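From first to last, the protein sequence lines are chains S and W.
Take the first sequence: its letters are residues 1 to 139, numbered as in this note's numbering.
Take the second sequence: its letters are residues 1 to 528, numbered as in this note's numbering.
Read the hints as simulated data drawn from the structure, not as lab findings.
Note that the structure is predicted; figures quoted are calculated from it, not measured.
Treat each hint with caution, since some may be false.
Claimed, not checked - Listed below are the simulated DMTMM-like cross-link pairs for lysine to aspartate or glutamate, each with C-alpha atoms no more than 20 Å apart in a straight line:
id, chain 1, residue 1, chain 2, residue 2
1, S, 21, W, 335
2, S, 21, W, 505
3, W, 353, S, 93
4, W, 431, S, 93
5, W, 390, S, 59
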Amino acid sequence: MSGNLQVLLLDDEPIVGRRLKPALAKIGCEVDVFEDPELALAKMAQKEYDVVVTDIRMDQIDGMQVLEFVRERWPRSKVIMITGYAMMSLAREAMEKGAFDFIAKPFKPDDLRRVIAKAAHALGSDIDFDVVEVEKANG
Amino acid sequence: MVESPIQGNGQPPPEMAPQVTEEAEVQGRLGLARDAEQARRALLNRPRFSVRLQIFLGNALAFLIAIAIAIALVASFQRMESKIRFLEIVNDYVMEVEQARRFEKNFFLYGTNLSDAQDNVFKAENILSRNAEELADIMGTGWREQMLPNLHRYQQLLEKLGQQPQSEQALSKNERLRVQSQVRAQGQQMVSAALGLLSKEKTALTEVLTRSRQLLFYSVGLLLLCMGLNAYLLGSRMLSSIGRFGQYANRIASGDFTPLTPTRRYRDEFTELALAINSMIEELEKREAVLVQSHKMRAVGTLTAGVAHELNNPMNNITLTAHMLQEDYADLDDEERLEMIGDVVGEASRAKKIISNLLDFARESGSQLEPLDLPELLRETIALASNQIKLSGIKIDFQTSGNLPRVHGDSQQLRQVFLNLILNAIDASSKGGHIHVLVLPADEPNYLAVKVMDSGSGIPAHILPSIFDPFFTTKGKGKGTGLGLSVSQGIVAKHSGRIMVSSQEGQGATFTVVLPVTTIPAELGAQQ
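For reference, chain W alone in the conformation it holds in the complex (with noise of 0.2 Å):
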């Protein structure tokens, strides 16, 4: 393909800047989406541990401690109840072999039959016997050893001496004595040894019984520390989480519209909500750039009328030349001719001017960053106000310590909050005020500072704190939006800079932007 010849003179043709801009503007845009996408991927891109997983855990670990100690006192209670058994078997056992032994006496004393005594020993067998299960539980399976054989060889003893009168084998005196002491003596060790049992097993009974209750305090103890430690950190938990979202609303409020980024390692509802306000962010953020253009189009048109006004002079001087050109024609010689005619193209390139840097300024584009010399910014500024000042009467200086750093900013956006500062400074001083305009290094190192100081009649203290809020206006109904401090203010806010104000009725007011300087490193290169 051949190239026009009419576009090959080396010169991009005159279409190339606004598509320059909106590149720009289109990069602006895309570095936006560009910082919320990354957001958007680093707060989901965490493990999951949901407030509601947080409730259910906790919970479930209640109820886990609840059951074990359900089935712990379930088991215990089992335990005291084959020991309750127990109790009542061997208590049911002494009171058999005490009535075996009350008709043992009864037998010795008054000679009554001892078959009854023999009944009772067979029914305290039969008891032993019935129960073998619950007896082997509490005393093993040697029960048999310790409880049988001494019931047997007392059943053996009372045999003996009831087979005495009747048999033919009786035994002597002597001997009966000896069986006799003998039955007694078995007797009682039954007795005694069933008591002992049986004291020991209550003993053992008190012990389960006190140490369920135990059990009992120190499980309730735990299951209420598992859930208050629960209700602690679930608490913190959605409160920090609260606290921290109030955080981030009052910084969105003061116009600083980074996106929300991760500050825990796991992601739960409140990530939902982070998502929420970052897509919040990006329409806050798209309104924020309508309303610094919007505004940009009002201080557009207050500097128009000054710009009409001063268009005048070259379209006077152009009309009074041409005209007296046209009319003495004839009569002028060609020197004169050129004179005029040189005045005519001088005054048309004023007029140009006069008009160029109010539309460079009023020209929409994207954000771009790039390190700015800031005394240069400000005199063309006040180059872009210098018709408004001249049509009130008010004279302007600007100072400027030398050999300044530069800042890192959007030079269409800083030079909008400058010529806001500047028309409002315009509107609050009288015909012959003076405005001063003061470049110099801020207080805290690393920063510069703008001053715009009016001689105007200063701001009230009590409307003083109200002044960047949106919507405040002292200007009359139609003259002011009341948005111009506001959205300088976020404008500042978004270069990371402060913009302050003091006033003293009657002494004027000093409006102060401070902002940082650059200290990216490749910018210096980009300064050689």
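Chain S extracted, bound-state conformation (with noise of 0.2 Å):
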């Protein structure tokens, strides 16, 4: 299906990834996973995506960093941020940034999920999730 989402998701932890990209994946997102912040960016330099996903604290390089770029190189793309519990004004500078929205963990697969089918419906090429649908409804 070439219409499927294109996102990149970047969290240093392990485990993010490996129980985000099936989840994703069972909503028609095709997600590349990164650790490596570094890495990420060199393969953002090339690919546009249509949502990235970052994690906000990473050692290297932050999110904060990783969305300026975005923002910069590919300003269709819409950026999620994911957030500590303890850095709400973090999140609220990462908003004026340009961010898309942000996500506080400890999250559920289906907040991430909500979110990524508000980005896609604002990028105008809706997802096969329910928020989106009840979204439309009372929209």
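The task is to assemble the complex, starting from two chains supplied on their own in separate frames and drawing on the hints.
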């Protein structure tokens, strides 16, 4: 299916990628998982993703830098930030810098699916997830 | 009694752990109380020589000297009085004798009555016998032999002369002339003897006067000297005690809470002050312990933010894995299910580890001194702060020179000191900053130095001297109590160490903690 949503998932916790890749695949996303921000940036320099999901706090390069890079390189891409519990101020800053939305750890797979569906809707390529239907009905 | 089989697995029941710490704490407190009790006994177990007693003795001595002076003066006045009285007697006697001689002369020249002269001689004798006691005092009992025979002889000669005109046995002219010259010679001798006595006694009187004047001068001098010496001894005793207590106050202010012990061989009013200060020290020490503990809880509070954030990762992993396991359970094969359950188990124990470090540190514990591996202690401390370090986006590196001797100390309290320095360094550093922690031998032998260096903006020179003061803080309201460095300094001082800071504006700050290495041979055995 060529209309699959292209998603890049960046988190330095390996388990996050391992669980979310199949979880997002089930709602029709094609997911590239990265643990190393350098490699993710190198990849994104070449490829435009519809949605980029990145953890804010990582060791070498943090999520804010990734956000800035994506906003500059691919303005159409939607960036979703994953934040820790105690970092609401950082999340707000990310929103000001043009992030599409943020999601706080710990979250359920459906929480992320919902946000991604919202992003897909915003991009005009709705995916197969309940929330979108509900929101459409409400909207 | 049969032990319960549930506990019979060879492992102590879990309740044991806190009991052990409580015991250590009780022992620590007992040790403290024992020190204070020993000091109290040593202070009291000395002969008492109070300031009051010294003042009393000094005054009593001065009083005794004054009384002695008074007695000596009264005695010498009495001697002078009796000498003057003697002079008066001798003077009267001389006057009578001279009067007698005047009549005797008139008798020779004009042939007047001789009975007047005899009258005077009688009066002179009367004077002598009336004042026999006073004369005996001055001239001894032999005064009669010295004075009376002359007088009697003169009297007899006068009588001989006086009989002459009327009596039958008239003296021949030659005889008369001989008696006449004898009378004159006798009179002369009497007068000159009396005058000699007079002048001798006058000299003696002058001598007594001079001596009593000298006695007065010397004894007043002695009195002044004695009072001066007493004042000096009393003053130097008070001043040296006050000086010593000033030093004690400074020592206590710098956080050294060892009780005062005797420095002199006797006890006095200052001993009571020392006892009061010792009980104050005990109270201060208790409060210091509370302060240290409450400051530790503040550090725990700071660390909690990092821990809460760090906990999000395993929590998130567990949440995601559990949800996916639930969602896809039917579609997964056994191997995949086991892998996911294994992830949950692994992440759960990771979460436990994140909290347990902090809980270990937060647990209240008594002061327990033991030989410590300082580099290991710092590694643990850095691990404790690692969440905070990660959260702040700061790099920390740790270096140690190998094979360092151990230090003798309380691991909990020293960890608190180093944690405080590291947390301060984190606060001072901006994102991307570096903190260096070094353990190395100090410049002076038998000491180890721990250096915590940050790359922050440094401490301005004008506030550098006050940063160890209690309640001094540069952090915003509600962010710092200003007690961290003060409490740290107290802990380090208790370990006979020092904490120093050097900083240049714009070039970060370096805090150095210097601690003595353990020198107790018994500890070597414990290491093996």
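Results for each hint:
no.	hint	result
1	S:21 - W:335	holds, 18 Å
2	S:21 - W:505	violated, 50 Å
3	W:353 - S:93	violated, 32 Å
4	W:431 - S:93	holds, 16 Å
5	W:390 - S:59	holds, 8 Å
Hint compliance for this structure: hints 2, 3 are broken, all remaining hints hold.
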